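K.L.:
Sequences and hints are given; from them, build the entire structure.
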Amino acid sequence: MTAKKDKIVEIEEAVVRFAGDSGDGMQLTGSLFSDSTAFAGNDFATFPDYPSEIRAPQGTVSGVSGFQIHFGHKNIHTTGDLADVLVAMNPASLKANMRWVKKDAIIILNNDEFTGKNLEKAGFDTNPLEDNSLTGHLVVQAPLSMLTKEAVKDLDLDNKSVLKSKNMFALGIIYYLFNRDFTNTFTFFENKFKKNPLVVEANKRVLEAGYNYAETLEVFSNTYRIEKASLNKGHYRNVTGNLATAWGLLAASERSGRKIYLGSYPITPATDILQELAKHKQFTCITQQAEDEIAGVVSTIGASFAGAMAVTTTSGPGLSLKSEAIGLAVMTELPMVVVNVQRGGPSTGLPTKSEQSDLMQALFGRNGEAPCIVMAATGAADAFYAAYEAAKLAMEHMTPVILLTDGSIGNGSEVFRIPKVADLPDINPPIAKADDPDYKPYKRDPKTLARKWAIAGTPGLRHRLGGLEKEDVTGNVSHDPVNHQKMTDLRQAKVDMVVNYIPELEVEGDAESDLLVVGWGSTYGVLLTAVEEMRAEGKSISMTQFKYIMPLPKNVHEVFSGFKKIIVCENNMGQFVNYLRMTHPEFKYEQYNKVQGLPFMVSELKTKFDTLLNE
Amino acid sequence: MEQKIEPQEIQLTKIDFKSDQMVKWCPGCGDHAILKSVENVFPLVGQKMGYKKEDFVVVSGIGCSSRFPYYMNTYGIHGIHGRAAALAMGIKLTNPKLSVWMISGDGDSMAIGGNHFIHVARRNPDINYLMFNNEIYGLTKGQYSPTTPKGQKTKTSPQGSFETPFNPGELVIGARGKFFARVVDTNPKLMQQVFLEAALHHGTSIVEILQNCVIFNNNIHALITGRDTKNDNQLILETGKPMLFGKEKNKGIILEGTRLKAVVLGENGITEDDILVHDPTTEDSGIHMMLASMAPPELPAALGVIRSVKAETLEDAIWNSVEHEKEVSPYKNVDDLLTSGNTWKIE
Numbered sequence: 125m126t127a128k129k130d131k132i133v134e135i136e137e138a139v140v141r142f143a144g145d146s147g148d149g150m151q152l153t154g155s156l157f158s159d160s161t162a163f164a165g166n167d168f169a170t171f172p173d174y175p176s177e178i179r180a181p182q183g184t185v186s187g188v189s190g191f192q193i194h195f196g197h198k199n200i201h202t203t204g205d206l207a208d209v210l211v212a213m214n215p216a217s218l219k220a221n222m223r224w225v226k227k228d229a230i231i232i233l234n235n236d237e238f239t240g241k242n243l244e245k246a247g248f249d250t251n252p253l254e255d256n257s258l259t260g261h262l263v264v265q266a267p268l269s270m271l272t273k274e275a276v277k278d279l280d281l282d283n284k285s286v287l288k289s290k291n292m293f294a295l296g297i298i299y300y301l302f303n304r305d306f307t308n309t310f311t312f313f314e315n316k317f318k319k320n321p322l323v324v325e326a327n328k329r330v331l332e333a334g335y336n337y338a339e340t341l342e343v344f345s346n347t348y349r350i351e352k353a354s355l356n357k358g359h360y361r362n363v364t365g366n367l368a369t370a371w372g373l374l375a376a377s378e379r380s381g382r383k384i385y386l387g388s389y390p391i392t393p394a395t396d397i398l399q400e401l402a403k404h405k406q407f408t409c410i411t412q413q414a415e416d417e418i419a420g421v422v423s424t425i426g427a428s429f430a431g432a433m434a435v436t437t438t439s440g441p442g443l444s445l446k447s448e449a450i451g452l453a454v455m456t457e458l459p460m461v462v463v464n465v466q467r468g469g470p471s472t473g474l475p476t477k478s479e480q481s482d483l484m485q486a487l488f489g490r491n492g493e494a495p496c497i498v499m500a501a502t503g504a505a506d507a508f509y510a511a512y513e514a515a516k517l518a519m520e521h522m523t524p525v526i527l528l529t530d531g532s533i534g535n536g537s538e539v540f541r542i543p544k545v546a547d548l549p550d551i552n553p554p555i556a557k558a559d560d561p562d563y564k565p566y567k568r569d570p571k572t573l574a575r576k577w578a579i580a581g582t583p584g585l586r587h588r589l590g591g592l593e594k595e596d597v598t599g600n601v602s603h604d605p606v607n608h609q610k611m612t613d614l615r616q617a618k619v620d621m622v623v624n625y626i627p628e629l630e631v632e633g634d635a636e637s638d639l640l641v642v643g644w645g646s647t648y649g650v651l652l653t654a655v656e657e658m659r660a661e662g663k664s665i666s667m668t669q670f671k672y673i674m675p676l677p678k679n680v681h682e683v684f685s686g687f688k689k690i691i692v693c694e695n696n697m698g699q700f701v702n703y704l705r706m707t708h709p710e711f712k713y714e715q716y717n718k719v720q721g722l723p724f725m726v727s728e729l730k731t732k733f734d735t736l737l738n739e
Numbered sequence: 004m005e006q007k008i009e010p011q012e013i014q015l016t017k018i019d020f021k022s023d024q025m026v027k028w029c030p031g032c033g034d035h036a037i038l039k040s041v042e043n044v045f046p047l048v049g050q051k052m053g054y055k056k057e058d059f060v061v062v063s064g065i066g067c068s069s070r071f072p073y074y075m076n077t078y079g080i081h082g083i084h085g086r087a088a089a090l091a092m093g094i095k096l097t098n099p100k101l102s103v104w105m106i107s108g109d110g111d112s113m114a115i116g117g118n119h120f121i122h123v124a125r126r127n128p129d130i131n132y133l134m135f136n137n138e139i140y141g142l143t144k145g146q147y148s149p150t151t152p153k154g155q156k157t158k159t160s161p162q163g164s165f166e167t168p169f170n171p172g173e174l175v176i177g178a179r180g181k182f183f184a185r186v187v188d189t190n191p192k193l194m195q196q197v198f199l200e201a202a203l204h205h206g207t208s209i210v211e212i213l214q215n216c217v218i219f220n221n222n223i224h225a226l227i228t229g230r231d232t233k234n235d236n237q238l239i240l241e242t243g244k245p246m247l248f249g250k251e252k253n254k255g256i257i258l259e260g261t262r263l264k265a266v267v268l269g270e271n272g273i274t275e276d277d278i279l280v281h282d283p284t285t286e287d288s289g290i291h292m293m294l295a296s297m298a299p300p301e302l303p304a305a306l307g308v309i310r311s312v313k314a315e316t317l318e319d320a321i322w323n324s325v326e327h328e329k330e331v332s333p334y335k336n337v338d339d340l341l342t343s344g345n346t347w348k349i350e
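For the record, the sequence lines run as chains X and R.
125 is the number of the first residue of the first sequence in the numbering used here; add one for each residue after it.
4 is the number of the first residue of the second sequence in the numbering used here; add one for each residue after it.
None of these hints come from the bench; they were simulated from the model.
Please read all numbers here as calculations on a predicted model, not as lab measurements.
A hint or two may mislead.
What follows is a set of in silico ranges between Cβ atoms, one per label pair, in the way DEER data are often shown [unchecked claim]:
no., chain 1, residue 1, chain 2, residue 2, range
1, R, Asp338, X, Asn607, 45 to 51 Å
2, X, Gly381, R, Asn222, 51 to 57 Å
3, X, Thr250, R, Asp338, 55 to 61 Å
4, X, Lys610, R, His35, 30 to 36 Å
5, R, Asp338, X, His261, 45 to 51 Å
6, X, Lys357, R, Val331, 31 to 37 Å
7, X, Ser176, R, Asn222, 53 to 59 Å
Taking lysine-lysine pairs in the DSS-like style, the calculated list, with each CA pair at most 27 Å apart, reads [unchecked claim]:
no., chain 1, residue 1, chain 2, residue 2
8, R, Lys335, X, Lys357
9, R, Lys27, X, Lys567
10, X, Lys316, R, Lys348
11, R, Lys56, X, Lys319
12, X, Lys544, R, Lys329
13, X, Lys544, R, Lys335
14, X, Lys357, R, Lys313
15, X, Lys383, R, Lys348
16, X, Lys383, R, Lys55
17, R, Lys100, R, Lys21
18, R, Lys21, X, Lys383
19, R, Lys51, R, Lys244
20, R, Lys348, X, Lys567
21, R, Lys17, X, Lys564
22, R, Lys100, X, Lys405
23, X, Lys383, R, Lys335
24, X, Lys544, R, Lys348
25, X, Lys564, R, Lys244
26, R, Lys100, R, Lys329
27, R, Lys329, X, Lys564
28, R, Lys17, R, Lys51
29, X, Lys383, R, Lys17
30, R, Lys244, X, Lys405
Think of the CB as a built atom: it goes at the ideal place given N, C-alpha and C, for glycine as much as any other residue.
P.N.:
Right under this line is the structure:
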């Protein structure tokens, strides 16, 4: 680590984008850089952008896999609009990513790959390295494949394994550029390839070779350093939203004393949660990969009846398949958490891209009047608390809870301040006591309207649940018209009363100003960044982010009343804004919608907000 | 870790399981006899296996048969169409100490629930699966089901069904199920005996009950169950016994080439030594499959336990893993997990 001190420039923040063929290991490269960023003490957020094919035709634009990281000295709330640095491992990744880089970005290319056939596959008519199309950028052309081979030529490794590590050469160059340390990454290699010391050695050497290459050839006139972020005291780590969701559920299980049952079916981008929980049998976490989405959720209802903290995880199309069963959980009033990691729709849609377009499905996508709690995580780290809260509300209020996250949260990562499980709120499910003489299946707690959870196997509480309408209190099957009205009202009232157990809506900025920006779920970071920047410019703008959607917090009217204009921004065509028009018709709402499978950009939001402020 | 339940001094009677709800099946429906048999068997199951009355759980899907949980005084869930196997699995995996019974019909199990049917058989959780087969949709009033014979006229097959039906036993065995039995709703003694064997079998026990729908498919099983015809058309299997049938027990089943054949003792030099002896415990499912397929008039329908093979249950495999992981995992609590791997502190 001998970067010359006089060349180091201090900067506030940077965005780096790694792009390559799906097989080039860009996700790994990105996550190693994230870990190193964490080690350097910066705040950051990451965003993977990858195709749904595992290995799309090599060298084509459709096979490009990307990973973007935004890191800085200040708090980072977004994954960054445009990149300051792009690593492009082949022509296709340059082609696919040129529109995501700044005008004066550093572009690091593997020029071994910029040959006739590859250029053609990527759809270039002329070689971008020769036709001046990259003018304005600092282009670093490195023969990565050749240099990688050179670095490990005396190791007894086959050509394929050697070339696999060329991503580490690129990473080495980036480490030089940002004055990073190898320690963490070396430890990673040692653990990951424990059984193959030769591969450990090769990766170390290639990483170092990349670093030394950048230094020796003096490819950059400056290198950069970002001061440690001013994070609060605490213990930190990097988490993706899916990991945070899984861990939030485990924490809720530990605090509630209920074993977890997860019935699920693999579906992008939710599968990571199932995979993570499957690892943790030691916490009495039973995971069942069911034969389909329906069996996943229905087995969850069975597990809930038998006393488990019951969870099912899915993404959009899977939620459609689970609709009928969620209705059964509404009817039987059994607790259950349904995590929906939303993706682009409809139908199979854009499996690996992010969208917020399942909101209406979550709220109303069931037959009959079937209300349940709907909430949304506001970021990757928040997914931990959202999952914990979803489990708490489900069990304490005896109802299914649909927790919406999405691809950008699930696969994106953030810095996470690690809480102590003991410091999380208590979870007290209303479990019926054995031989309780007053037990009736549908007798309710007047404070919550929750019925009691009489767990199968408990002496003295035998009862039948089911999808047929039940008589109030006794739980016997009933087709009585007045009873059905009453039970329908009770089920809605039970969910409505959750309002007394959730936090009020908070405003970022002044409680009264010209424009209120409203978002829900995963858009929090980008909306906050846009609003903070505009406030710094002296604009009269505030924001509020919804985490609880059914029921809405009780102070919505009060909050909204303080603003001249309200704009609701979401990655769908206006589902939340229409829900607000329904629940709070007394306000006029502007809307900003985008469904391109990608998060909002700060710049586009600011443009829209400026227009509204100037009208 | 096998979830061992020690037999105890538990005295239960059928009164313990009788529900106070009015049973609303049609008069003459085969379901009444099945309900009585189950009420009679639960006390025996409790006694032999140590289950207390609160340990029984009865779940179902949708259909006439699926009202069953409401008519038993146990823990119960009347689920959604076709999905009872998933309900049962979730219950059993969560608490292996419960005696889980699942009630379903031919539409519920073979049509909308076909997927769950084969997968529960393959996974082998210890649940007792009673599948009422009346070869018709009763609750929706008379449409053909996946077990309705080809050519049969029903409300939705007015020209006769065009479809090849399933044979439930073949499906169980094809799905590598470990236990399959068949009974008729007209033989309470056999029902009770087989339900008890199903309960004692550690694994998924699927019992097909040839059940009569008096309204929409009356006498559909008459050839097998009829007073005059049953002796020649039923083979009641007994472990270790030759496969004999007929009023005089003078008929039997032999293996001729690769097929089963019905023969008469004494004819063509056939003696009892030539008759196949029933062994439900062989892993090899060849003979079991042929027995499940037998149907009148060429061959008698096989009743009793056709296949009963020991194998690890799903819940034992999972809970063994839980116990093992508790011993070896580096994470004793969730705090350990949250602070594992790459973390850093800001002082």
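K.L.:
If a hint holds in the structure, say so; if it does not, say that too.
P.N.:
Here's how the hints hold up against the structure:
no.: 1; hint: R/Asp338 to X/Asn607: 45 to 51 Å; verdict: 48 Å, holds
no.: 2; hint: X/Gly381 to R/Asn222: 51 to 57 Å; verdict: 55 Å, holds
no.: 3; hint: X/Thr250 to R/Asp338: 55 to 61 Å; verdict: 58 Å, holds
no.: 4; hint: X/Lys610 to R/His35: 30 to 36 Å; verdict: 33 Å, holds
no.: 5; hint: R/Asp338 to X/His261: 45 to 51 Å; verdict: 47 Å, holds
no.: 6; hint: X/Lys357 to R/Val331: 31 to 37 Å; verdict: 34 Å, holds
no.: 7; hint: X/Ser176 to R/Asn222: 53 to 59 Å; verdict: 55 Å, holds
no.: 8; hint: R/Lys335 to X/Lys357; verdict: 25 Å, holds
no.: 9; hint: R/Lys27 to X/Lys567; verdict: 26 Å, holds
no.: 10; hint: X/Lys316 to R/Lys348; verdict: 24 Å, holds
no.: 11; hint: R/Lys56 to X/Lys319; verdict: 54 Å, violated
no.: 12; hint: X/Lys544 to R/Lys329; verdict: 21 Å, holds
no.: 13; hint: X/Lys544 to R/Lys335; verdict: 14 Å, holds
no.: 14; hint: X/Lys357 to R/Lys313; verdict: 58 Å, violated
no.: 15; hint: X/Lys383 to R/Lys348; verdict: 31 Å, violated
no.: 16; hint: X/Lys383 to R/Lys55; verdict: 23 Å, holds
no.: 17; hint: R/Lys100 to R/Lys21; verdict: 22 Å, holds
no.: 18; hint: R/Lys21 to X/Lys383; verdict: 32 Å, violated
no.: 19; hint: R/Lys51 to R/Lys244; verdict: 25 Å, holds
no.: 20; hint: R/Lys348 to X/Lys567; verdict: 49 Å, violated
no.: 21; hint: R/Lys17 to X/Lys564; verdict: 23 Å, holds
no.: 22; hint: R/Lys100 to X/Lys405; verdict: 19 Å, holds
no.: 23; hint: X/Lys383 to R/Lys335; verdict: 15 Å, holds
no.: 24; hint: X/Lys544 to R/Lys348; verdict: 14 Å, holds
no.: 25; hint: X/Lys564 to R/Lys244; verdict: 51 Å, violated
no.: 26; hint: R/Lys100 to R/Lys329; verdict: 20 Å, holds
no.: 27; hint: R/Lys329 to X/Lys564; verdict: 37 Å, violated
no.: 28; hint: R/Lys17 to R/Lys51; verdict: 15 Å, holds
no.: 29; hint: X/Lys383 to R/Lys17; verdict: 33 Å, violated
no.: 30; hint: R/Lys244 to X/Lys405; verdict: 45 Å, violated
In the structure shown, a violation is registered for the earlier hints numbered 11, 14, 15, 18, 20, 25, 27, 29, 30, in ascending order.
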